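Dock chain B against chain A, hints included.
Chain by chain, the residues:
There are 2 protein chains.
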Amino acid sequence: MPRFSQSARGMRSSEIRRLMAFAADPSIISFSGGMPAASLLPTQVIDELYGSLSLEAKQAALQYGPTSGYPPLLASLTEYLRSKGLPFEGQSLIITTGAQQAINLLSKTLLDPGDVVVSENPSFIGALAAFLSYGASMAAAPLDDNGIVIDELKKVLDANRSRAKMVYLNPSFQNPAGIIYSEVRRREVLEALAGRDICLLEDDPYGELYFDERDRPLTVPLKAMAAAGEPVCYAGSFSKIFGPGLRLGWLLGPAEIVEKCELAKQSMDACSSTFTQVLAHEYLRTGRLPLYLATVRAAYARRATIMLDALAAEMPSPVTWTRPKGGFYVWVTMPESLDASAVFAEALKSRAAFVTGSGFDPYGVKKNCFRLAFAHTPEEKIAEGIRIVAAAVRSIL
Amino acid sequence: MPRFSQSARGMRSSEIRRLMAFAADPSIISFSGGMPAASLLPTQVIDELYGSLSLEAKQAALQYGPTSGYPPLLASLTEYLRSKGLPFEGQSLIITTGAQQAINLLSKTLLDPGDVVVSENPSFIGALAAFLSYGASMAAAPLDDNGIVIDELKKVLDANRSRAKMVYLNPSFQNPAGIIYSEVRRREVLEALAGRDICLLEDDPYGELYFDERDRPLTVPLKAMAAAGEPVCYAGSFSKIFGPGLRLGWLLGPAEIVEKCELAKQSMDACSSTFTQVLAHEYLRTGRLPLYLATVRAAYARRATIMLDALAAEMPSPVTWTRPKGGFYVWVTMPESLDASAVFAEALKSRAAFVTGSGFDPYGVKKNCFRLAFAHTPEEKIAEGIRIVAAAVRSIL
Numbered sequence: 016m017p018r019f020s021q022s023a024r025g026m027r028s029s030e031i032r033r034l035m036a037f038a039a040d041p042s043i044i045s046f047s048g049g050m051p052a053a054s055l056l057p058t059q060v061i062d063e064l065y066g067s068l069s070l071e072a073k074q075a076a077l078q079y080g081p082t083s084g085y086p087p088l089l090a091s092l093t094e095y096l097r098s099k100g101l102p103f104e105g106q107s108l109i110i111t112t113g114a115q116q117a118i119n120l121l122s123k124t125l126l127d128p129g130d131v132v133v134s135e136n137p138s139f140i141g142a143l144a145a146f147l148s149y150g151a152s153m154a155a156a157p158l159d160d161n162g163i164v165i166d167e168l169k170k171v172l173d174a175n176r177s178r179a180k181m182v183y184l185n186p187s188f189q190n191p192a193g194i195i196y197s198e199v200r201r202r203e204v205l206e207a208l209a210g211r212d213i214c215l216l217e218d219d220p221y222g223e224l225y226f227d228e229r230d231r232p233l234t235v236p237l238k239a240m241a242a243a244g245e246p247v248c249y250a251g252s253f254s255k256i257f258g259p260g261l262r263l264g265w266l267l268g269p270a271e272i273v274e275k276c277e278l279a280k281q282s283m284d285a286c287s288s289t290f291t292q293v294l295a296h297e298y299l300r301t302g303r304l305p306l307y308l309a310t311v312r313a314a315y316a317r318r319a320t321i322m323l324d325a326l327a328a329e330m331p332s333p334v335t336w337t338r339p340k341g342g343f344y345v346w347v348t349m350p351e352s353l354d355a356s357a358v359f360a361e362a363l364k365s366r367a368a369f370v371t372g373s374g375f376d377p378y379g380v381k382k383n384c385f386r387l388a389f390a391h392t393p394e395e396k397i398a399e400g401i402r403i404v405a406a407a408v409r410s411i412l
Numbered sequence: 016m017p018r019f020s021q022s023a024r025g026m027r028s029s030e031i032r033r034l035m036a037f038a039a040d041p042s043i044i045s046f047s048g049g050m051p052a053a054s055l056l057p058t059q060v061i062d063e064l065y066g067s068l069s070l071e072a073k074q075a076a077l078q079y080g081p082t083s084g085y086p087p088l089l090a091s092l093t094e095y096l097r098s099k100g101l102p103f104e105g106q107s108l109i110i111t112t113g114a115q116q117a118i119n120l121l122s123k124t125l126l127d128p129g130d131v132v133v134s135e136n137p138s139f140i141g142a143l144a145a146f147l148s149y150g151a152s153m154a155a156a157p158l159d160d161n162g163i164v165i166d167e168l169k170k171v172l173d174a175n176r177s178r179a180k181m182v183y184l185n186p187s188f189q190n191p192a193g194i195i196y197s198e199v200r201r202r203e204v205l206e207a208l209a210g211r212d213i214c215l216l217e218d219d220p221y222g223e224l225y226f227d228e229r230d231r232p233l234t235v236p237l238k239a240m241a242a243a244g245e246p247v248c249y250a251g252s253f254s255k256i257f258g259p260g261l262r263l264g265w266l267l268g269p270a271e272i273v274e275k276c277e278l279a280k281q282s283m284d285a286c287s288s289t290f291t292q293v294l295a296h297e298y299l300r301t302g303r304l305p306l307y308l309a310t311v312r313a314a315y316a317r318r319a320t321i322m323l324d325a326l327a328a329e330m331p332s333p334v335t336w337t338r339p340k341g342g343f344y345v346w347v348t349m350p351e352s353l354d355a356s357a358v359f360a361e362a363l364k365s366r367a368a369f370v371t372g373s374g375f376d377p378y379g380v381k382k383n384c385f386r387l388a389f390a391h392t393p394e395e396k397i398a399e400g401i402r403i404v405a406a407a408v409r410s411i412l
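Listed in order, the protein sequences are those of chains A and B.
If you read the first sequence in the working numbering, its first letter stands for residue 16, the second for the next number, and so on.
If you read the second sequence in the working numbering, its first letter stands for residue 16, the second for the next number, and so on.
If we strip away everything but chain A, and leave its shape as in the complex, we get (with noise of 0.2 Å):
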C-alpha cells in the first residue's frame, strides 16, 4: 500500500456521518447536526422552480458551467449581495459547492505548512478541518456575549505576527456558539487587523436567520464595513436559506485573491453543480427567497425559545449557556471538571444526542462544554430532548 502524504495523516474527521445517524434515527431526539429540519424544506417551491423550466434552461442544468458559477446566478446573487451592503468594486465572486468549498479554495491558495490561522475558540469543525489539511497550525482567541476578545485576537495576532496567513471568524450567530458581534466588536476587528496584510474570511452562512427583524442591523457583514482594499473575503451559502443539497455556496472577496481560488477550483470539480445552480437561480430571481425567510425564521425562533426555556427550568445552576438571536445553536458551558463526553453517554442511554465541544477547540483539548442545535429537532420533542440531557448533566456533576 502507497504511503500517505503529509496532509492525509494529519486529516481530522469532522465525525459527519455519526451526526447525520443520530438526525436520521427516529429513535433518538437529536439537537446534533447542524441542520434545516426535513419538514422546513421547500419542496413545494422546487416543484414550482422545476415546472417553470425552459427547454434550455434544462439543458443548461444538464451541461457543464464555467468554474466560477452559471452567469445567470452570479448576476442574481451580485444583486441579492449588494442590497446586504456587499462590496463589488475590485472584487470577484464565485459559486462553491456549499460554503466549505469556499474554505477549502482558499485554504489551498493561501495555506502552506506552518502557517498560522487565527479562529474564534470555540470555532466551526468543517473549517478547522479544511485548515488543517493544508498544514496549518491554528491560533484562537476565546469569545464574549459580543464577539471575539479584541485584547486576546491581538495579542494572539502580534505573537504570530510572520506565520499568521488568514483570520477565520463567523460573526453572526457563530457555529457552535450561536451568538452575534455588536457593531462596536464588528469595527474593533477591523480596526485589530488594519495593515496586517493577513486575509479575513468572514463565513456568514447563518446572518439571514434572525429571530427578530430589530436585531437586522446586527447581522452587517464585516465585508461590507471593511475599507477598499483590505484583504477581506466572505464566504456564504443557499444550505440554510434554501437546501443544503444544493452544495451551493459562494465567495466575494479581491479579484487577485479569487481568481486564484477559481484556478484552484478548475482542478477540484471543474464547476458546481449546474443543475442545482439553474434552480437556485430562478429561486432568487422569483423572490422566492424573502418568502422562505419569513417561515424559518419564525420557526427557528420558535424552536430556540423552547430550548432556552427548557433549559432556564431544567439545567443545573453552575453551568451556563448561550442566548441566541438567531441561527441554529445554544453553546453550554459546564464547571472545567466536567467532561461532556461522559455527558453525551449518559443522554445517549436515554436516546438523546448533541455535539461535546472538544471538535471545536482549535486546539483540541477543552472538555466542558457542549452545542445543541435546535434547528433540526421537532419542536414537540425539544423541551423533552433538554429533560434528557439535563439530567445527564446532573449525574455526572
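To be clear, the hints were calculated from the coordinates, so they are not data collected in a lab.
One thing to keep in mind: the hints can contain errors.
[Claimed, not checked] Heads up, simulated SDA-like pairs for lysine to any residue below, C-alpha to C-alpha not over 20 Å straight-line:
no., chain 1, residue 1, chain 2, residue 2
1, A, K340, A, T310
2, A, K99, A, L306
3, A, K169, B, P17
4, A, K382, A, R409
5, B, K169, A, P17
6, B, K170, B, S152
[Said to hold, decoys possible] Just some of the chain B residues that point at chain A, by a computed CB distance under 8 Å:
no., residue
7, A23
8, A76
9, C214
10, L278
[Stated by the list, open to error] Derived list of chain B stretches under chain A, where covered just means 3 residues or more per stretch with a C-beta under 8 Å from a C-beta of chain A:
no., segment
11, 68 to 75
12, 79 to 93
13, 167 to 173
14, 260 to 267
15, 281 to 290
16, 401 to 410
In this text, all values refer to a predicted model and were calculated from it rather than measured experimentally.
All C-beta atoms in this analysis are idealised placements derived from N, C-alpha and C, irrespective of residue type, glycine included.
Quick look at chain B alone, frame taken from chain A:
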C-alpha cells in the same frame, strides 16, 4: 495583499472558460470542449424522474447527505459497477463531485511536493492540473495505438523508483488521444506495476461510449483485471452517461485509501449534491442508463465517422490522426516543426476552434499536436469545420 501558497503559485489553468466560450458561440464551429451535445442531454428523462419523486425523496434531495454518498445511489451504483466486473471485496466506493474531484481527492491523499505522478503523454489536462496543484512532478510515457508504450512506462517507473506515488491512466477512449488499450496491453500494464507499491488511478469516463458492440470486451477496466490486493483505484463519472451538470462521479478502491479520500472530502465540500444524487439513483434504478447509452453511442459514432471521413479527404499528407472506436476525441499530430497554436489562430479567423496539444503534454512542451472533439459539434457542421482546420494546417505547412 497576503502571499499566496506554494500550491497557488504553481497552479496551471485548464482554460475551461475559453473552451466553453467557443462551444457556446454559434458563429464558431467548435471542436474544443469535452462535453456532450446539448441536444443529446436527456432533459425529458429528467422530467420523468423528477416527476416520479416522493416527498421523502425530495426532502432527502434538499438535505445534507453522508460524505460518502446518498446511500440508495451507492447501492444502485454498486450494482452497476459489479455488472461491469469491478471488485468490491476489501474496497470502498464514494460519490464525488465529478471524476475531477476523485482525481483531486486521491492527489490530496497521496501526494507531497516532490512526489512523481506517472502518466500517459498526452494526458488529461484536468488531472495534470490537480497533480501539479499538490506540488507533484510529472513523468510520462508515450502512447501508441494500443495504449501506453510498456518499455517506456517501465523506464519511467525505474527512473523514479523512490518518488513515484501514482500512475494515472485513461485506458478507454483516452482523453485526448481517443485510443483504447488492447487487452494484451492492459495485462502488460498490470504486470509492470505489480509489486511496486504505486497507486494506479484508472480514470474511465468514456468506457461506455464504444461505437460498435463488438468492441465492448475491449472496455473491461484494469481494476476488474488486477490481482486482489493491488492498490488500484477506479474513477468514473455520470458526466458522459447522464449529464455533466449533475457533477457526479465516483472513486472505487482499496478501503484504506478511499476512506482517507472520504475524510479529505469532508473538508472539501462535505458531500456532493444530494439533489442530483437522488436523480442519478432513479436513473440507474429505473433502467434509463442502457436506453440513453444506445442513443448516444449511435450519435457519437455518426459524428466520429463524419469527422474521420473529412480528415481523410482534407488533411495534407504529413499529418496523422487517431481513429477512435469510441469516446469524444481525435488526436492530430503534425510534423514536429509545426506549431498547433499557429493553426489555431488561422482556423479561428475562419470561425473553427479546437484545443492545442501543449496543455495535454505533462511536460508542457510539445507543440505539434491538437485535439478535435466531435461529441458536441452539430453533425452538419463537422465536415465544414474540418475543411477550415485542414486549410489552416496547409497554410502553415
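Against the structure, the hints:
1. A:K340 - A:T310: Holds - the C-alpha atoms of A:T310 and A:K340 are around 16 Å apart, at most 20 Å.
2. A:K99 - A:L306: 17 Å, holds
3. A:K169 - B:P17: Given pair A:K169, B:P17 holds - Cα atoms ~18 Å apart, limit 20 Å.
4. A:K382 - A:R409: OK: A:K382 and A:R409 at ~16 Å, within 20 Å.
5. B:K169 - A:P17: This hinted pair holds, its Cα atoms lying about 18 Å apart.
6. B:K170 - B:S152: The given pair, whose Cα atoms are some 16 Å apart, holds under the 20 Å limit.
7. A23: 4 Å, holds
8. A76: Since the shortest Cβ distance to chain A is 5 Å, the answer is holds.
9. C214: 5 Å, holds
10. L278: 5 Å, holds
11. 68 to 75: holds (count 4)
12. 79 to 93: With 5 residues close enough to chain A, the hint holds.
13. 167 to 173: violated (count 0)
14. 260 to 267: holds (count 3)
15. 281 to 290: holds (count 10)
16. 401 to 410: Per the Cβ count (0), the hint is violated.
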